[in-house]
Amino acid sequence: MRGWLVSVLLVLLVACNGDRQGSEEPAPSRLAQPVALETDEHGRPLPRVLAETQVLYRGNAEEPQTLDPHLAEGVPSANILRDLFEGLTTTAPGGRIVGGAAVHWDISRDGLTYTFYLDPDGRWSNGDPVTAQDFVWSWRRVVDPQTGAAYGRMLAPVVNAGEVFAGRLPPEELGVTALNPTTFQVRLDDPTSYFLGLLTHPTTFPVHRESLEVHGSAHVRPGNLVSNGAYQLTDWQVRSRIELTKNPHFRIADQVIIERVVFYPFEDENTEFNRFRAGDLHWTYQVPSGQFRWLERNMSDALMVAPWFGTYFFSFNLTREPFRDNLELRRALNLAIDREIMTERVSRFGEIPTFNLIPPGLPDYEPPEPDYASWTQEEREAEARRLYLQAGYSESEPLTVELRYNTSENHRKIAVAMAAMWKDVLGVRTRMVNEEFRVFLQNRAQRRVTQVFRAGWIGDYQDAFTFLELFHSEHGRNDAGYDNPRYDRLLEQIASERIPSRRRNLMVEAERILLADQVVLPVFIYVSKRLVDPRLKGWEENIMDQHLTRHMFLLRERSAGVSPREDASE
Amino acid sequence: MLKYSLKRLASAIPTLFLLITFAFFMIRIAPGGPFDSERALPPEIEANLAAKYHLDEHLVIQYGRYLWNIARLDFGPSFHYLDWSVNDLILQGAPVSFTLGLLALALALAIGIPIGAWAAFRQNRAADYSVMSLAMVGISIPNFVMAPLLILLFAITLGWLPAGGWEFSPARMVLPVITLALPMIAYIARITRGSMIEVLHASFIRTARAKGMPSRNILFSHALKPALLPVISYLGPAAAAILTGSVVVERIFTIPGIGSYFVQGALNRDYTLVMGVVILYGMLIILFNFLVDLVYAWLDPRIRYDEQEA
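Those protein sequences? They're chains P and G, same order as listed.
Note that the numbering used here has the first sequence beginning at 1423, numbered continuously upward.
Note that the numbering used here has the second sequence beginning at 15, numbered continuously upward.
Any given hint could be a false lead.
Claimed, not checked - Pairs of lysine to aspartate or glutamate, DMTMM-like flavour, derived with a Cα cap of 25 Å: (1) G:Lys66 x P:Glu1632; (2) P:Lys1959 x P:Glu1595; (3) G:Lys66 x P:Glu1594; (4) G:Lys239 x P:Glu1460; (5) G:Lys239 x P:Asp1566; (6) G:Lys66 x P:Glu1463; (7) P:Lys1835 x G:Glu52; (8) G:Lys66 x P:Glu1801; (9) P:Lys1845 x P:Asp1905; (10) G:Lys66 x P:Asp1566; (11) G:Lys239 x G:Glu212.
As the list claims (entries may be wrong) - Distance ranges between label pairs, derived from CB positions: (12) G:Ser154 x P:Arg1466: 26 to 34 Å; (13) P:Pro1603 x G:Ala61: 35 to 43 Å; (14) G:Pro109 x P:Glu1831: 53 to 61 Å.
These aren't lab readings, by the way, just hints derived from the structure by calculation.
Predicted, not measured: the structure shown is a model, and the values here were computed from it.
Virtual Cβ for every residue (Gly too), placed ideally from N, Cα, C.
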């Protein structure tokens, strides 16, 4: 019996070690390698380098809550919706905002009126033309309070959107008009420089009125769902697979190479990783934490890590002791944290240490670095000790603080490291509290029991404002309870500023105030991390982490190797 | 027998009612609601959603409404999977869990009973020790360890079987069924062995031996039936549990069964979905316990005689 166990363990050990040779040098993975990419004069791949079957298998985290673009929230559903539908604008592989359902547009001089000219070839997946009236109807649906659109505030810049949303005006009063079947006009309250970027968000996508009226809430089922994007829904097995097939009526269907894409939901990152290793997936949603070093060594040609538009930070509850009116203490706790150790030794996923709230990488925004960002860690710690004493604490009378986070192995590791650093540098005693996600959210929002708590934000649209607005005194997610009239006023100025350079300066000023007031304790910039089959091309890293299947294609395999298996059902 | 069955089934109704009531109020006590998310909803929208799902009514009225709906077998809309009703989700997931569970159950019985009986027959010999040590290992290795080991060996290293997924293909069922069955095989083998040893020492077996009956006949026609009684009583609740799916196995093999809904439903505060799976599980427990009693009566004549006398 013992012999049996030993032999099984030996087999497993050998299996693991097989990949581990050449420990430090990145070893070529056992994944199939593609032929060299050859393109025509338009940069499109030549048919001879393309794989015969263009079927893409994508891992996609949890099951989407819904495929109704107006009700959906969360990245997994957005990934699918961006393939199924197309907004007025869309993103190029590198994340640049380009024309989608609208081929071009005019913006009035005051920045308040946008006129979109729809692609006359735009078609729904049943062949109906996509019209300006479709957008009018869809946008009214979004702001109609009866719809309950989770992301309805994406349309907040549009005239009367707030009033309609609150039920004080009928949806017909929304500032949108169909000038003719292919011309759609939007009026805004304030010049919103990021408005074109908002239009890549699924909430602003059009829905097919007729099928909604016929099928009601069942309009998103396969067979019922009519979409205007590059793909149409052909199969949906809850928590098993969602299959999209190329939409033959799509306005530029001839440029879509992937014929079918299957999204698999995964509740467990290790499972997704195993499926990738077994050759079942071309694209994963994430990679298991703790496997990074191994992946760097053994699957470097598949591991893709890129900065993301999100920040991992902690927030102080400014409405309660000990942080209310105690800037020195907040500043001391902030300076005592060694970000390098956090990213190099704790989170260990190529994250980028930061002292800022807003991630770098925006085309028109440079986050203002606070002066202590350029100090050495020793200098920061010395300053932290000084401020700690100034705040009224000392080694004999240390601060006792509660650090709250939602249950997760990664959050726990980071919290433990923070507590250790605070203890080391300042002698702070930290009590760690972990809570189930919804309990945590409720406690954060109520601000009655929180002191320091984990927060984090992934930008909803490509503009610094998506971070700054969180700290408006009346924002629903201002869990820090930050209330600074000067900051609020700045936000209002930013919203109405038309001149890009002035607007940029105002935003820099706002972030500077936020950092000076030490509302948050930023730790690192998130990275997107995934495994991608080396044969899959046509996509590029971008900070919004948006990757439309219609840009992608599979290259032919160079020689024999592991290839994604076709579904057994096929 | 019929009267007995009807009586038993009638007594299930108050049990289910208590279960529903208890579960309904328990899940509502949990802090947070189904529509909480990191992106805070505007209060107007939250109010609209609450009204749409009747969450703005008094809890007792909601409870009454819920009872009325389930009386008509309508488990309501899911609060998390917005495109589906709880009925849809259970009707899609239950066949998956049932298929897996039944296969695992069949496998566990087909292997567990013979090896348990064999071990008993060879009591205190090498065969007995090895079977029982293996069974101990089977019970002790949790399925969240066993499943990844099986995947690593059979799917990644050897490439014989898929690493997960469902889509009703036999190859995809092998590993999850084995993972589910292994601990059950071990339990069943141990129970069978124990009760078989007891039966083999009973006087009617001694009589059979004295009459010169061959060992095989003694084992299969006389000893096995009474020895199975403890296995049967173990099977009642075990079958209900295995048929409603395993959270761990579903997660690791990405199987769209209903097991995950117990946990995911609770984490998402998907009130109706949690209620749906709890009621289903409750009904299965009641049903299987009832079946166990029937099988008992069939296997053990003494029970039948008692009833006739009464």
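Hints and how they fare:
1. G:Lys66 x P:Glu1632: Between Lys66 of chain G and Glu1632 of chain P the Cα gap is close to 23 Å, so the pair holds against 25 Å.
2. P:Lys1959 x P:Glu1595: 45 Å, violated
3. G:Lys66 x P:Glu1594: 22 Å, holds
4. G:Lys239 x P:Glu1460: 72 Å, violated
5. G:Lys239 x P:Asp1566: Violated. Lys239 of chain G to Asp1566 of chain P sits at ~67 Å, over the 25 Å cutoff.
6. G:Lys66 x P:Glu1463: Violated - the C-alpha atoms of Glu1463 of chain P and Lys66 of chain G are around 55 Å apart, more than 25 Å.
7. P:Lys1835 x G:Glu52: 21 Å, holds
8. G:Lys66 x P:Glu1801: Answer violated: Lys66 of chain G to Glu1801 of chain P is near 57 Å, above 25 Å.
9. P:Lys1845 x P:Asp1905: 30 Å, violated
10. G:Lys66 x P:Asp1566: 14 Å, holds
11. G:Lys239 x G:Glu212: 13 Å, holds
12. G:Ser154 x P:Arg1466: 26 to 34 Å: 58 Å, violated
13. P:Pro1603 x G:Ala61: 35 to 43 Å: 37 Å, holds
14. G:Pro109 x P:Glu1831: 53 to 61 Å: Once the Cβ atoms are compared, 34 Å apart, the range 53 to 61 Å for Glu1831 of chain P and Pro109 of chain G is violated.
Comparing the model with each numbered hint stated earlier shows that hints 2, 4, 5, 6, 8, 9, 12, 14 do not hold.
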